[in-house]
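Enquirer: Protein sequence lines correspond, in order, to chains A and B. At position 21 of the first sequence the residue is numbered 26 (the numbering used here), and the sequence of numbers has no breaks. At position 148 of the second sequence the residue is numbered 144 (the numbering used here), and the sequence of numbers has no breaks.
Any given hint could turn out to be false.
[Stated by the list, open to error] Cut-off 27 angstroms, straight-line C-alpha distance, at most; resulting in silico cross-link-like pairs (DSSO-like, lysine-lysine):
1. 347/B with 263/B
2. 53/B with 47/A
3. 272/B with 215/B
4. 53/B with 30/B
5. 220/B with 40/A
6. 215/B with 47/A
7. 272/B with 220/B
8. 178/B with 220/B
9. 220/B with 263/B
10. 272/B with 178/B
11. 347/B with 272/B
12. 41/B with 30/B
13. 2/B with 30/B
14. 347/B with 40/A
15. 47/A with 30/B
16. 2/B with 41/B
17. 178/B with 215/B
18. 41/B with 53/B
19. 178/B with 263/B
20. 347/B with 47/A
21. 220/B with 47/A
[To be verified] Not the full set, but computed from the structure, chain B residues with beta-carbon under 7 angstroms of chain A:
22. 1
23. 10
24. 306
25. 310
[Unchecked claim] Distance windows between CB atoms, simulated:
26. 46/B with 37/A: 43 to 51 angstroms
27. 44/A with 338/B: 49 to 57 angstroms
28. 37/A with 179/B: 28 to 36 angstroms
29. 29/A with 332/B: 19 to 27 angstroms
30. 18/A with 332/B: 45 to 53 angstroms
31. 269/B with 32/A: 28 to 36 angstroms
32. 45/B with 29/A: 47 to 55 angstroms
33. 331/B with 27/A: 41 to 49 angstroms
34. 29/A with 6/B: 17 to 25 angstroms
35. 250/B with 44/A: 47 to 55 angstroms
36. 45/B with 30/A: 37 to 45 angstroms
37. 34/B with 27/A: 32 to 40 angstroms
These aren't lab readings, by the way, just hints derived from the structure by calculation. Virtual Cβ for every residue (Gly too), placed ideally from N, Cα, C.
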Amino acid sequence: MADEVVLPIPNLTIPQNLFVLSNPALEHLHDNARKDLLEGIKADRTYSSIYIT
Amino acid sequence: MGPYYKSVTSASNILPLDKTLLAEMEAANEEELKKLDERLAEAEKIEGESEISDALKARANYLTRIGDKVHFLCLQHFARLHGMNLGAIVTSPKARTRKDTWARVAHRHHTHYRPTWILLLRHSDRDHQHGQGGKVRRLPVPFVFLVDLPLHRLIDEGGDWDRRNRLKVYTGLHFLSIRQFKRGGELLLDALSTFTATELLSYNEFVGLTVIANTLGLKRVDLKKKVRTFSIFYSHMPALRVHSQLINAPEVNQVLPEIPVLGDLVKNLYECHYDKFFVALGGESLIHTPLMLIIPFPATLEQTHLIPSRLLSPHARFYTREMRILAYTQLLESYRSLTLDSLCSAFGVGKNWVDA
């Protein structure tokens, strides 16, 4: 891998959504967080293998 | 993302498992890892050490991307055992003797360590145990790389303004996550007009955090105008005089209408409307205000910004308590004596609450 290749930062809303989902006090936010978390995971799934040079 | 999806769905009932999706992800991951394995085997057979190291890095990066923490940490351990530290290019004497500038080296260092911290950021690894020479330290926040790397020095010596500003944002967030609101707030305020770290958080979130941190960290007069003398990271550096303000900053004025509760908080604290300030802040004091009879659950900073935030949630009670103390101090310092009635009327709370 070339030294200059800067790896993209992952979608950091994923751990935020996971945090919301794991907190029972934030139940009113769970539906949106669940939807966003699944969408984030699906979006990262289609990531191409740029690491292979 | 197969391993990550699996870990999320198996840990609890927070996300239902879609078996088709998981199978699809696992198949894609397996195929990719097979290619990386072939590349590694080929490198081991016919190529040199740097190619093997590259192949290992590629595998580590892919494992990071799909959230396979266990295998990534195993691979990192394996690489270290075989003298192929993922960050070796920076620490090796060979790298230091090159004609590279420090900025370039810092950039490489950043690049090579990124798999580790990307993984830790994603996994919220507050308790990641990092051992060196048999010692095990418990690192309190996911921003482990800030503690581990000499990035401050490297960027100080050769980084450009963009990297300096990014580092201010990263360090500021790190300080907020360890309850150092004053230090974090100063760094965020410095980066306010030149914010570029959109990979970490959105601009509105950044302004929100800056306001939250500085409302607690700055004195009332400093909220409007502040002239500070400080040195960035090292005492030997020449001190800088920075003119910065919070309330009149155009960046803040632009964003605050979108976050009304935050605007109410700062404005009411500055204009000494403590009853409204308490309502905007939320927390225990709110249930003692007459407003609760009209609107049972008003939007408050605590409910909308502190408790739902992964970064600020552990400090929500601390923050609301400190803000209340700030308001009490601000009022009480203005008078020699104050009756209980006028105090209650200023804060919009009952006598019992103040007495307690």
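Enquirer: Would you check the hint for residue 41/B and residue 53/B, treating anything up to 27 angstroms between C-alpha atoms as holding?
Expert: 17 angstroms, holds
Enquirer: Would the hint on residue 10/B stand, with a C-beta cut-off of 7 angstroms toward chain A?
Expert: 4 angstroms, holds
Enquirer: Using the Cβ atoms, figure out if residue 45/B sits within 47 to 55 angstroms of residue 29/A.
Expert: 51 angstroms, holds
Enquirer: With a cut-off of 27 angstroms on the C-alpha distance, tell me whether residue 53/B and residue 47/A pass.
Expert: Given pair residue 53/B, residue 47/A holds - Cα atoms ~24 angstroms apart, limit 27 angstroms.
Enquirer: Kindly confirm whether 19 to 27 angstroms is satisfied by the beta carbon distance between residue 29/A and residue 332/B.
Expert: Given about 48 angstroms between the Cβ atoms, the range is violated.
Enquirer: Given the proposed pairing of residue 47/A with residue 30/B, does the C-alpha separation stay at or below 27 angstroms?
Expert: Since the Cα atoms of residue 47/A and residue 30/B sit roughly 21 angstroms apart, the hinted pair holds (cutoff 27 angstroms).
Enquirer: Are the Cα atoms of residue 178/B and residue 215/B separated by 27 angstroms or less?
Expert: 11 angstroms, holds
Enquirer: Can you let me know if the beta-carbon spacing of residue 37/A and residue 179/B is within 28 to 36 angstroms?
Expert: Taking Cβ atoms as reference, residue 37/A and residue 179/B lie about 33 angstroms apart, which means the hint holds.
Enquirer: Decide if the proposed pair is consistent with the structure: residue 215/B and residue 47/A, CA atoms, cutoff 27 angstroms inclusive.
Expert: Cα-Cα ~46 angstroms, so violated.
Enquirer: Can you verify the interface hint for residue 310/B: is its Cβ closer than 7 angstroms to any Cβ in chain A?
Expert: The hint is violated - residue 310/B has no Cβ within 7 angstroms of chain A, the shortest such distance being about 11 angstroms.
Enquirer: Have a go at the residue 1/B hint: is there a Cβ in chain A nearer than 7 angstroms to its own Cβ?
Expert: 5 angstroms, holds
Enquirer: Between residue 34/B and residue 27/A, does the beta-carbon spacing fit 32 to 40 angstroms?
Expert: 38 angstroms, holds
Checked against the numbered hints above, the structure violates hints 5, 6, 14, 16, 20, 21, 25, 29, 35 and 36; every other hint is satisfied.
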